[in-house]
Amino acid sequence: MSEIPMNTNEIEAILRELSDKLFNAITKWDNCGFIGIRSGGELIAKKVVELLRQKTGKDLPLGALDIALYRDDISKRLYYPEVRSTDVPFSVDEKEIILVDDVLHTGRSVRAAIDHIVDLGRPERIYLLVLFDRGGRELPIQADFVGRVIDLPEEKIIKIDISKGDVLISEVK
Amino acid sequence: MNWPHKDIVAIQDISAEEISTILDMAGTFKEISKRDIKKVPTLRGKTVILLFYEASTRTRLSFEIAAKRLSADTVALSASGSSFSKGETIMDAAQNVMAMAPDCIVIRYPYAGLPFRLAKELPCSVLNAGDGFHEHPTQALLDMYSMKEHFGSLKGLNVLIVGDIRHSRVARSNVIGLKKMGANITLSGPKTLLPPGVDTWGVKVSTELDPVIPEADVVMMLRVQKERLNQQFFSGEREYSLFYGLNRQRVDMMKRDAVIMHPGPMNRGVEINHDAADCKRSIILNQVENGVAIRMTLLYLCLGGGKNVD
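Residue numbers (our numbering), protein chains in the order written: chain A, 657 to 829; chain B, 75 to 384.
None of these hints come from the bench; they were simulated from the model. Check each hint, because a few of them may be wrong.
To be verified - With a straight-line cut-off of 20 Å between C-alpha atoms, the simulated SDA-like cross-links for lysine to any residue are: (1) B/K194 / B/K108; (2) B/K104 / A/D743; (3) B/K108 / A/L776; (4) B/K108 / A/D749; (5) B/K104 / A/L776; (6) B/K142 / A/D771; (7) B/K113 / A/F746.
Generate coordinates for the entire structure from the input sequences, incorporating the hints supplied.
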């Protein structure tokens, strides 16, 4: 368990580590695609793809998923999840997909994202990459690439503004 | 976001801001229909009953497809196959339908006001698929979406609606909605087919079509409703077509980038002919495509969230 990284440099360093891990793990660069979960995961995916371009010299395919329509709590919510658009500009069929999110917690978003991806096609496999894993899983889901494992009380929520490198931690209302 | 409506009965009840929300969201739902797997699990376990007491092809199919693409279960019932023809009152029928616990009733009815009453009395969502000469809110929303998709904005758009305004719920809903969104509306048709009190609607009215065509960005032709009309409104289809039909000459009078719309079904040779219906300016089939997306959006908004939104 590590301290929660709070500044741009620390987050940048984690992203570099993550792209190194990916660079060593993925062999078929012509057959992979990155998909970020809107909105936090999308920005992380963008950064990682940027870092990998410097290593591989390739513009790796990048897409974003909106999982609002795949949530399992739609009829239980008090408010409507905002519906944004899904934009995956490449076919996921037969590809190695790297699914990216900022924080892995209950695993429910990832479950929804996997369901969404299989509606778009049949990838060869799906990896999961996250910046932070804060534990607290409610589903049997694990990440393949983890930036940092962090310890955060259940009632806290964490938000990462990657453009500014801000990590905001606040109480659940 | 907060969606305060259980039902969609009339455009009258929906604010400009809410119309914008619907039009903004519809693009997301439109994308689903372009996938190989045209289905999302959002409304799994919800039941949508379609009660159509009046003929319909597009609207009924569109609602049914919209509900199915959101994974809701649908049951469709039309007047001819129901016990409505045995003399059961519509409220009794509705209460019986309600006893089977639907989450949403989509209703089309030949007389105005029933969707309003059902919405008030039933706990489920009620979506108006057209009631008499009153309103057809989902048609107006898909029309507005189609215009916005083409032109980018509704503000300041010049919309010309032509034909039987008097008996048209499509025109009524469009006028109300488009006015809220800041469009300029012109209505054109024979005097007998203009509604009483149209001068209070805040729109331009012209009994002559030709002078107003060149100003329009959108020319929306309405169907001559043969089933509702008799000879007292105009003397014949040929005469109507001559004065109010959209033909090659009139298409040539339109602005270069103006579009042609029609809610369907078309009476070819009466209010619109082949030169107009099938030309490049026609976005009639886009309207149908967008209808599914708009109805998915409305089903999501009315059935998707919790009830505690007051």
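Here is what the structure says about each hint:
Between the alpha carbons of B/K194 and B/K108 the distance comes to roughly 36 Å, so the proposed pair goes past 20 Å and is violated. Between B/K104 and A/D743 the alpha-carbon distance is near 12 Å, which keeps this suggested pair within the 20 Å criterion. Taken as a hint, the B/K108 and A/L776 pair is honoured in the structure, with Cα atoms around 10 Å apart against an allowance of 20 Å. Among the hinted pairs, B/K108 with A/D749 is consistent with the structure: their alpha-carbon atoms are about 16 Å apart, no more than 20 Å.
Our distance criterion of 20 Å between C-alpha atoms is met by B/K104 and A/L776, whose separation comes to about 15 Å. With a C-alpha separation of about 17 Å, the suggested pairing of B/K142 with A/D771 holds against the 20 Å cut-off. Annotation: proposed proximity of B/K113 to A/F746 holds, straight-line Cα distance about 19 Å (limit 20 Å).
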